[in-house]
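Asker: Based on the sequences and whatever the hints tell you, model everything.
Chain by chain, the residues run as shown.
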Amino acid sequence: MDRRDFLQLAMLGAGAMLLPLPAFAKAVSETELITPVLDVADKKRLADVALNTAKSRGASYCDVRIGRYLRQSLFTREHKVQGVQNTESFGVGIRVIANGTWGFAATNRVTVDGIKHAAETAVAIAKANSKFQKEPVRLAPAQALGEVSWKTPIEQNAFEVSIKEKIDLLLSVNDAALKNGASFVSSSLFLVNEQKYFASTDGSYIDQDVHRIWPTFNVTVVDKQTGKFQSRSELAAPMGMGYEYLSARPEGKFQLPEGVVGYGKYYDMIEDATLAAKQVREKLKAKSVEPGKYDLVLDPSHLWLTIHESVGHPLELDRVLGYEANYAGTSFATLDKWRSKSFNYGSPIVTLFADKTQPYSLGAVGYDDEGVKTKRWDLVKDGILVNYQAIRDQVHILGESESHGCCYADSWSSIQFQRMPNVSLVPGQTKLSVADLIAGVEKGIYIVGDGSYSIDQQRYNFQFTGQLFYEIKNGKIVGMLKDVAYQSNTQEFWNSCVAICDESDYRLGGSFFDGKGQPGQISAVSHGSSTTRFNRVNVINTARNI
Amino acid sequence: MSILSKEDAQKILNRALSLSQAEECEVSLSGNISGYVRYARNTITTSGAGADVSLSVSAKFGKRTGTATTNELDDASIAQCVRRAEELARLAPENPEAMPFLEPQTYLDSPTYFEATANISPEYRAQVAYEGIQQAESKGMIAAGFFEHSTNFSALANSKGLFAYNKATGLEFTLTVRTSDGTGSGYAVKDYNDVTKFRPKEDSEIAVRKAELSRNPRAIEPGKYTVILEPAALVSDEGLLNNMIFSMNARAADEGRSFFSKKGGGNKIGEKIVDERITIYSDPTHPEIPARTWQSDGLPREKTVWIQNGVLQNLLYDRYWASQKGVKPVAFPSGIIVDGTSATLEDLIRDTKKGILVTRLWYIRSVDPQTLLYTGLTRDGTFYIENGKIQYAIKNMRFNESPIIMLNNLDALGRPERLNGSLVPPMRIRDFTFTSLSEAV
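Residue numbers (my numbering), protein chains in the order written: chain F, 1312 to 1857; chain S, 84 to 524.
Any given hint could turn out to be false.
[As the list claims (entries may be wrong)] Think about it this way: if two alpha-carbon atoms lie no more than 30 Å apart in a straight line, the pair counts; the simulated BS3-like pairs of lysine-lysine are:
(1) S/K345 <-> F/K1445
(2) F/K1445 <-> S/K146
(3) F/K1442 <-> S/K222
(4) S/K408 <-> F/K1391
(5) S/K146 <-> F/K1475
(6) F/K1535 <-> S/K284
(7) F/K1535 <-> S/K411
(8) S/K307 <-> S/K436
(9) F/K1355 <-> F/K1490
(10) F/K1648 <-> F/K1686
(11) F/K1564 <-> F/K1576
(12) F/K1684 <-> F/K1366
[To be verified] Covered stretches of chain S, as calculated for chain F (at least 3 residues, CB under 8 Å):
(13) 128-142
(14) 147-157
(15) 190-197
(16) 222-231
(17) 274-286
Hints in this document: simulated from the structure, not taken from any laboratory.
We put the beta carbon where it would ideally sit given N, CA and C, even for glycine.
Answerer: Next comes the structure, spelled out in structure tokens:
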């Protein structure tokens, strides 16, 4: 799930719109956001208090996360600033194994006493829960890493850029949209900095500084005569980058058919808003789609969400095993299909890989939240289901002895669990441009941008819309369409994949607020692909007369 | 410590207000004690408890507002929090739509606190999990569920003399039971303020029974069908009616970008938009769904009629938009009440010649805001009805439907029941549009 719906709701609501504060978070000033609170030596000293306390109380394993989670959100609409919020959440989460059972406790008292008490509580909870334990935890070995560190490779810390500069950018974005015919425009910027220190009884002390950024907007044009309205949101992705992402450097631009511009490593938000206003005006007059079977040409700004829902989620091992049955659901990609080594998830040109190391991606970190060095691995290889996403206490189910390194907690106060790594589609191996791909399509639709998305609880049946739709006839784009949604089944869809553009078209998309678990936790994840063609997909018309 | 009395909360709020040097100041204080148990694969997977208290200070200078928060309630921490809010306010960009804080208000009384819920123990939580696990296991099925409860208080005061206080308890229970062959799945969902109304054994049985009944579903052709939607399909986290309520924003309507916009300008208040048997209102003092009688900015929550006999009566006006339009602001409802009849779900089924019973809907997303078209799927108990009886389980289906069209195609209403803080009846709807089949169980 994604929080875009919430945001759209929030943006429509007037007044100072602020996000609810995360648990234990507090509002802080700009200066506080960029002032460090503890140095690495202090963190190590405090972490050792947790490890030693847990061991002395009988824990066979302990990990401790001292986390400072900073967020900044800025909201504007038209020429108005609607809200600016800075929050800091600082505390310690301690996880232990005692009597073969997990226990967890967290505290915002980052002191020797606070940490000691939390470690004792975690051990007590583990011992209490062990009475109900049916199978002791089996933890895959993790390498003792000693003292190591990792930092998102940013050029400019977005938290160090003044609020005024960021607001000026957002107001310029709004101005550009209004000047080009938008009736309404809202824009926002979300920044995250996770300062995480991890230590475990395995002998690892890991200091990480993780940055993420998400610029977003929504442009609406109302046709007063007909009473109809259309809108479009940004075509750029949230990224694991600093403020340099918003530098609009030309090497970030992808010139696509029909004057559409896609964005890679750098984003020109003002240009995107300008184009959005023009495209939305065109969309109001666009032809309503004729339902039927079409070959779909899907831009990476659209395909990421289909990958997320139809590949990322069903291959989470905890879902497959039933741990998420009461909330997000289970999965069609059952262990017997994997064991058969012959389950055709997609056509032979489809290889989908998980990767926590991909530069500039939302999921990129050096080490996951249980101290495992991150890596890349295949999930679907040449069309065949070959693996899942699993963490230390799960990989034994797959007969593996090394965690995949995709464990994450959204706060020091949340317990870490298996979260989706970046999952991406390997680009085509032979040279193929978007124009050449479209030239081969007789009856199709070119879809850009992500829109409405819905998929069942086992990830078979899905329906997606987008931001821009162009009709393709005999290899040429003949005009814009509206009211387009496609419905398919995961296996059928990926087996209808017939062509993938080459690496030069590869771009990331992503979700800043992917939800999972009860109580719910969020995480950020990217999905990369090049423009891809899927044959004979069922398209419905979503227009209704009331 | 986390749950403060009205007097203790007021003392702290007054202390903060007395330290303020801003043109206007508003302070809120809230705290909660909560606990949960999560289970899956017939075993408890996680459990936890927590307590938190937070003081929030908002300082205002003209159109500039700054907010600071703290978890420490000693005098020095409160003073530091007030100073920081003022510092943030001076640096904040101007918000031209910022409204002055509210004058003192009068609030209704609502019984939201129940001692029995406040006293829920870890043993009780484990017992709730055990009920579902034990029943599922005894039938060779698999239970996954979540039970959480909380006791909380909230208080608000400002430099104009406004004061509000509320203490409340609540619990939520969801359970999914799956058959071990993976062909059947059932669901139960309950929420209460008062735990003495909760029947973990009976409520767990609902999910087990539905799982049993839903085994080996048959496929039917997607298309237009008469459906009976249970309340969970209408107002749960994934409900069609709450999605409609969320979209009832007056500003979006007046701006011409909502279903509730009127062609040529303005909104549809006063127009008949759905079947005349539909009346939807909210009332935070309703004994079945008691809720706090004020929203977080201090605006009173009162009885508000949204749709009366099919005619749109009201939209959500925040304070800024209300001031622009010269109307009274309308608070966001805590839950909705849809008038029904005395007919039970069984009565509705008995009077159905051909139709589909839908336990719940899943992954509902907006497809077209112009017509309030939503898509989503049925889940955890979908059955074919013929000649007044459930005949067999059917495979899940995707729908594309607008709650407006749905409420115009109303066939019958049942007896309202509480779900997700709302009170809604099961509904029988004609010509509900299913567009494809799903293999998901």
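Asker: Does S/K436 lie within 30 Å of S/K307 when you go C-alpha to C-alpha?
Answerer: holds, 15 Å
Asker: Could you grab the alpha-carbon distance between F/K1445 and S/K146 and see if it respects the 30 Å cut-off?
Answerer: Outside the cut-off at roughly 59 Å; violated.
Asker: Check the hint pairing S/K345 with F/K1445 against an upper bound of 30 Å on the C-alpha distance.
Answerer: The hint is violated at about 61 Å.
Asker: Can you confirm whether the C-alpha distance between F/K1535 and S/K284 stays at or below 30 Å?
Answerer: violated, 56 Å
Asker: Taking a Cβ-to-Cβ distance below 8 Å as contact, does the stretch 128-142 of chain S have at least three residues touching chain F?
Answerer: Answer holds; 8 residues pass the 8 Å Cβ test.
Asker: Could you grab the alpha-carbon distance between F/K1442 and S/K222 and see if it respects the 30 Å cut-off?
Answerer: Holds, because 23 Å separates the two Cα atoms, which is no more than 30 Å.
Asker: Quick one, are S/K146 and F/K1475 close enough, alpha carbons at most 30 Å?
Answerer: holds, 16 Å
Asker: Can you confirm whether chain F covers the stretch 147-157 of chain S, using C-beta to C-beta distances below 8 Å and requiring at least three such residues?
Answerer: holds (count 6)
Asker: Verify the proposed pairing of F/K1535 with S/K411, using a straight-line Cα cut of 30 Å.
Answerer: holds, 27 Å
Asker: Does F/K1564 pair with F/K1576 here, judged by a C-alpha cut-off of 30 Å?
Answerer: holds, 8 Å
Asker: At a Cβ distance under 8 Å, does chain F reach at least three residues of the stretch 190-197 of chain S?
Answerer: violated (count 0)
Asker: Mind checking, does the stretch 274-286 of chain S have 3 or more residues with a CB under 8 Å from chain F?
Answerer: With 0 residues close enough to chain F, the hint is violated.
In this structure, the hints that do not hold are numbers 1, 2, 6, 9, 15 and 17, in rising order.
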